[in-house]
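Novice: Hints in hand, dock the two standalone chains.
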Amino acid sequence: MATLQDFSGYNPTWCPGCGDFGIGLSVKQAFVQMGYDPSSLAVVFGIGCSGNMNDFLNAYAIHSLHGRSIPNAIGIKLANHKLPVVAIVGDGDCYGEGGNHLLHACRGNHDITVIVHDNGVYGLTTGQVAPTAEKGFKSKSTPAGIIETPINPLSFAITSGATFVAQSFAGDAAHLSMMIKEAISHKGFSLVNVLQPCVTFNKVNTYQYYLKHIYKLAADYDPSDFKSSVSKSLEMGEEKFPLGVVYKTERPVYHEQIDALHKDTLIKNKRFTDFDKIVGGFI
Amino acid sequence: MKNFTWMIGGEAGFGIMTTGLAFAKIATRLGYHTFDYVEYPSLIRGGHNAYEVHVSEKELTYLAPTIDVLTCLNKETYEKHKSRLTIDSYVVYDDSEFEFEGEVRKISVPFKKIMAEFKGQAVMRNTIAMGATLAVIGTPLEVFIKVIEEQFSRKGEEVVNFNKQFAKAGYDHVINNNQNLTIKMTQRENVETKMVLTGNDAFALGAVIADCKFYCAYPMTPSSTVLTTLAAWGNKTGMVVRHAEDEISVVNTAIGSSFAGARSAVGTSGGGFALMVESLSFSGVTEIPLVVFLAQRPGPATGMPTWTEQGDLLFAVHSGHGEFPKIVLAPGTVEEMVEMTAHAFNLADVYQMPVVILSDMYLSEGHKSIAKNYIDKLITDYKVDRGALLESLPVDPQAQGKAKSFPRYKVTEDGISPRLIPGVPGYFYQANSYEHLEDGHTTEEAAPRIAQVDKRARKWLTYLTKDFQAPKVYGEIETAETVFVSWGSNKGAVLQTQKKLSESGHQTAFIHFTYMYPLDRKKVMDVFKHEKRYVLVENNSTGQFGKLLLAEVGIEIKEKILRYDGRALSAEYIISKLNK
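Sequence lines, in order, name chains A and B. So the first sequence is residues 0 to 282, counted in numbering that gives the first Met the number 0. So the second sequence is residues 0 to 579, counted in numbering that gives the first Met the number 0.
If we strip away everything but chain B, and leave its shape as in the complex, we get (with noise of 0.2 Å):
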């Protein structure tokens, strides 16, 4: 089977994303590899939603630039993306609610006569599409049949089966009007199993691999869903999830149950992380380790709530006052997030400073397919590694039953102090915000200031040596003709850049960073050491990354390629940018 891309569209609060999510599904069962896409303004009932799903038998990373069916609930999806069709796409929808003139192929389905006729609820008119969609593109009902009976067993037998005459009217009428369908998604055999992970899924899932005992956010788009996912795993997995008052609480929470001993985590969005700032900062010069998950959307203030960025970047990286050592880490995709989660944990427990998460709205909210067997292998493989902290400690006895001071800011050759848990018996000692002695106390004192400056800044260069990642290179960059540099959620985009362009016998290479920062100089001047056209890439408007660059490394890149309209860069952005 051909690659395909999907879309379904229709007034937001009427079940666009669920139905979405099925397809998703039902595409990944049968055997093939999925990668999708929401739109939806920030609003829930009235505005516009749109989901797109991008089916292949390889891999994918990455959405097409066309639609091949798409499944019109309204009239207004197909006015907003028929710029995307072919004369081969074909459009659903029903006639009897609107007409409209263009070369494609018509697939008329009386969603009203038959909303009508069994008497249906709004959001069944998903149901009547998904149907008449399988029909369309040559899947069996069965598998949507398994699918409600998955969702609705448990309202009983009725509810079934009254669920079902809507799929099924839906696929009878596409089935017996239409021939020569082209497409055939049919099962696929000698399949791995898989599953549809958006990367918030990833981080949560990250998160609970971790053995991550303490969650606390306040919602905020597109961060909200790790929220959410982790609340509703709580039963299961034991973990506390707090919803805080606000985000300064958030963060305050967290730094409160980690000086307890918890592995904990937050996130939020640009807005919400400005709030935690001030404690970042907290953080850092206590050494309490936290995680924190930071998904970008378009700002500034407010900006555009459910599109997306990378404007955040350099905020992450400066975040907090003062000078303190922290680590900011960028996945790249879905399977990079829930490994690189899984791996901030001990980061932060090993240098016990916050790590930042990046991610961003497109990577955030996007389902991609990825094989379950690696999830496997990376619970199976994970070591939880808590670095220097004490759990427990023998009584001095020289203390002579009293409870001891415990040096809790001990300078070290690696800037790495052992953390005692609170309330071990017979010691005691303060996480203190203001500059202290190693013991915890308060000092203004010129030496001691020194001494703790320098063994905090020790711990990055620690890092450096023994866990800083040097980018990925994809392609040969010494045959390259043009080398893209690039970041994060970028990623998929570029390596579809890089499989067209390689296909009109441009040869490209591509060095794609997730060690955001610190940036170890050496390791990273190493990759560009070859003298090549390189090419920025990014999704903000001053091109962040290539600051941070210029200013941790000393390469500058001249020619920049960014995208900044609140959509992800895709392979015909980037191509049509990289000519002119």
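If we strip away everything but chain A, and leave its shape as in the complex, we get (with noise of 0.2 Å):
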């Protein structure tokens, strides 16, 4: 059984406070409580200070170009549909820059894990506005206050067709890693949104901030409702921030729709040899 010290690779380099330890954290007790070792499942990195996690935590992974870890994870899982799939992305990353990536992931229910460090600005590029800061954030790219009004990744996410949509907080370890647990364990595609304050450009949203904006999920809450999941996730307009488990439900995923993964994954698949029954076509 691995431990969370199999998984740790080298020493963070993010700033001291930083949520994304919080969240780091949180991404080894899933793993390592799910019973995984570094060689059991593939991890895709996006760029960004979240992105950096790559050199932290031990996996087969891929430190992808920044916006492009969706892909790159889909790829891997229509590969080789047996090896769980977690992407760790940025707001800039899988919001901004990777935006359509995310609508078409949810669309196919490819069934990967999308983990997102929400903490509304650009920490690596040294604190510009991200597409999650409320409106009239000010940054060092909108000195006057942000124009446009932020993106709501829970709804976008639901209404996109994703099957699992989470949010978390990187001040809560516990229910972080529950969250991402909850989250691989699901069949189809799943996002968790992580809500992470940045101790160096952000001084709006900080742990007080949040913690006085957060709460979570009612025991009672049914998340398999599509539209009170909807209505739910508009909260976040509203500065009300709900932590759990927003909508769940079942869908049949990408991979299992492909009759050439039925039997084995592709990577496994014999080579093509009965050339007759596409060359006659040509004559």
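Do not take every clue at face value.
Derived EDC-like pairs (lysine to aspartate or glutamate); straight-line CA-CA distance at most 16 Å [stated by the list, open to error]:
id	chain 1	residue 1	chain 2	residue 2
1	B	K376	A	D275
2	B	K531	B	E477
3	A	K186	A	E255
4	A	K269	B	E558
5	B	K528	B	D453
6	B	K403	A	E147
7	B	K409	B	D453
8	B	K376	A	D273
9	B	K1	B	E56
10	B	K371	A	D275
11	B	K163	B	E149
12	B	K371	A	D273
13	A	K137	A	E147
14	B	K499	B	E571
15	A	K211	A	E238
16	B	K531	B	E558
17	B	K81	B	E56
18	B	K465	B	D519
19	A	K81	A	D275
20	B	K1	B	D87
21	B	K235	A	D258
22	A	K226	A	E238
23	B	K528	B	E475
24	B	K528	B	E571
25	B	K409	B	D375
26	B	K401	A	D5
27	B	K576	B	E558
28	A	K267	B	E390
29	B	K235	A	E133
30	B	K112	B	D171
31	B	K167	B	E141
32	B	K371	B	E571
33	A	K211	A	E181
34	A	K239	A	E147
35	A	K276	B	D375
36	B	K235	A	D275
The hints are simulated quantities; they were obtained by calculation from the structure and are not laboratory data. Since this is a predicted model, take the numbers as computed values, not measurements.
Specialist: What follows is the structure in structure tokens.
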């Protein structure tokens, strides 16, 4: 059985107090508790402070380009659907640069888990605004305040076809690792949006701010109802951030609907040799 | 039988393409060689479509300047193509629909009347036209009847018979009203079985031969039929084909699947490739194998989507930011496309780098008949070579049950490092888009940076030593008065140019490049050792290969024949420019 230490790579270089520490720990806890070791899963990292976890976490991994982790993850899953595939990305990475990929991964119900570090800013490029920042947020790239309204990751994912959408908080490692475990266990596309303070560049969405605005979904909350999940997710716009599984449903996953992948994984499939079947069409 | 060219034209959206291909198959089934090309605008309805098929008893790699039989489903067909007619050309048309002046052999067929009589649907004008055409060229109707039976048998005998009557009406009308028809395209004896393939079909077939497991694309003319063909074959071949949301997703899905161990390819045209190039660089630094099919069309931007050009050679050569090795190939014919595609997958795996295969509209969408034996032999002889890929690795007993870091980017003499399939127990590593250490961890230190840059670059040297192919030479350079230098799909046109010029006593040679980049300086210099009149022939406006040859080898060719009007090069075009 693997331990937290087995998953630990280099010592993190995140700023002291960064929410990424909590996320990094929760990810490792979830993997250990699920009985994985660094050989048994694939992780794709985006570019940003979140993506820098690549060097702090041991696993078969790709440290991708900015925004492109989701298609990399889909490719890994299609080639070897027996490997659990997790994408660890940032808000600019996933909701900005790679927004189109997220939309279509939700539609496809690809069996991958996407964990988004949502801190409202671009930390690695020293504090420009991210797509999840509140309207009016002042940053280096928006000194007069951002004109756009924020993206709502929860309602976006739910209405685009994601079959598991959860939210957690970097300051609550126990809750977060529970959400990650549920997301990975879920068969289909799962998104975990992690609210995370950036202690260096976001002076608005601090630990104190989040502690004031987050709340855990009630025990009797029903995540299977599409419409009520959407209205629940819309509370984000009123600075009320629900934590927990906001939406969960079942729909056939992408790779299970491909005949070629019914018997075995794509990489294990035998070479096609019955050429008469295709050559005849050219005569 | 003398070579002849048949063309059918009509309004887009009414089955011209299907009819053209059926004609090419009829000719090859009778034992003839064919080479064809389609002309169509970038829209589905309302424009003009034309499909021409060049037929010969000998192998063909080019189109002819004149049209011998022009089948006009509308007046526009005649107007657009009349300049290629001679007094011996037959024009099949309906004189109740339009009439024309012009000294040709007119064959009027009452399309309109037959359609009304049998209550046909619009596409069945093609069936009448094909019946009539076969009568003009002296081919028995039976071959076409067999094609109709194959095409419609699943829909029942009634549908088969309904279609047959249109073919017969067209055929009979010509036979009953015309004498002294001169072309006789009848069954030849002792001929080998042939296949009719486009360059895109050839890429698709080559990918299947190579055991490509994953193909990803976003539709873009002229590459789209690779996607549709491979998707249609998916149930049989077991290849997974993904039509992704955009070209950036396309290339990154393929990089993901390749990382996980599946041979993977993508296909696109210039605009889509432009979206992919950041990820080409990603494939380069992570050393994840990738085959890219780039079917060129005239740019810039949307350009002329359904026409042809070789405008993206230097773009492909320089694609991707930063410095990393890649291979660019440009097959010259359908046969070379099958063979080089299958080989490209081995090169990508062995050298762990992106391999770009350049095609263009002319090669991608034109059909050529090729011997089935050739394909059968390729299939039998092909060996999958996955290079340094490890599908398993014994667990290290010293690791005491713990997963161990695998040195994915180990510095080696030939630059090639062992690549482990993710999921193998006992190990892990990361494929890192950042510069990295041997174990994949990010580094910004000078020494490992230099070590990795040099390691990647050594793969190029290894490739040049082991796999680079010098250009092929056609004709004798030593005795040639003129030496043509060209690449990729211009091959057929230049070969035909040589043949025509030799008829008038002008001896030529032809240096044809297919291994475009990187170029081995010494091997190429060796081919150019004679003092000659070299003439560069390219289907673009800037002589891109000439620039590459100068930059990489130091050879400058001053005399250039360049065509960039969206049309393919032809012997007639090259000869007309040669002596100016």
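Novice: All hints, please: hold or fail.
Specialist: So, going through the hints one by one against the coordinates:
1. K376(B) to D275(A): 13 Å, holds
2. K531(B) to E477(B): 9 Å, holds
3. K186(A) to E255(A): 11 Å, holds
4. K269(A) to E558(B): Answer violated: K269(A) to E558(B) is near 52 Å, above 16 Å.
5. K528(B) to D453(B): 31 Å, violated
6. K403(B) to E147(A): 47 Å, violated
7. K409(B) to D453(B): Roughly 12 Å between the alpha carbons, so the hint for K409(B) and D453(B) holds.
8. K376(B) to D273(A): Between K376(B) and D273(A) the Cα gap is close to 14 Å, so the pair holds against 16 Å.
9. K1(B) to E56(B): 8 Å, holds
10. K371(B) to D275(A): Holds - the C-alpha atoms of D275(A) and K371(B) are around 11 Å apart, at most 16 Å.
11. K163(B) to E149(B): 12 Å, holds
12. K371(B) to D273(A): Holds: K371(B) and D273(A) sit about 15 Å apart, inside 16 Å.
13. K137(A) to E147(A): Since the Cα atoms of K137(A) and E147(A) sit roughly 12 Å apart, the hinted pair holds (cutoff 16 Å).
14. K499(B) to E571(B): 9 Å, holds
15. K211(A) to E238(A): Status holds; Cα separation ~10 Å.
16. K531(B) to E558(B): Between K531(B) and E558(B) the Cα gap is close to 11 Å, so the pair holds against 16 Å.
17. K81(B) to E56(B): 26 Å, violated
18. K465(B) to D519(B): Since the Cα atoms of K465(B) and D519(B) sit roughly 11 Å apart, the hinted pair holds (cutoff 16 Å).
19. K81(A) to D275(A): The given pair, whose Cα atoms are some 32 Å apart, is violated under the 16 Å limit.
20. K1(B) to D87(B): With Cα atoms ~13 Å apart, K1(B) and D87(B) stay inside 16 Å; holds.
21. K235(B) to D258(A): 10 Å, holds
22. K226(A) to E238(A): Distance ~20 Å between K226(A) and E238(A) Cα, so the pair is violated.
23. K528(B) to E475(B): Between K528(B) and E475(B) the Cα gap is close to 13 Å, so the pair holds against 16 Å.
24. K528(B) to E571(B): Answer violated: K528(B) to E571(B) is near 29 Å, above 16 Å.
25. K409(B) to D375(B): 39 Å, violated
26. K401(B) to D5(A): 7 Å, holds
27. K576(B) to E558(B): Between K576(B) and E558(B) the Cα gap is close to 11 Å, so the pair holds against 16 Å.
28. K267(A) to E390(B): 10 Å, holds
29. K235(B) to E133(A): 52 Å, violated
30. K112(B) to D171(B): Cα-Cα ~14 Å, so holds.
31. K167(B) to E141(B): Status holds; Cα separation ~10 Å.
32. K371(B) to E571(B): Distance of about 31 Å is beyond 16 Å: violated.
33. K211(A) to E181(A): 26 Å, violated
34. K239(A) to E147(A): Distance of about 19 Å is beyond 16 Å: violated.
35. K276(A) to D375(B): Cα-Cα ~13 Å, so holds.
36. K235(B) to D275(A): With Cα atoms ~11 Å apart, K235(B) and D275(A) stay inside 16 Å; holds.
Hint check: violations occur at hints 4, 5, 6, 17, 19, 22, 24, 25, 29, 32, 33 and 34; the rest are consistent with the structure.
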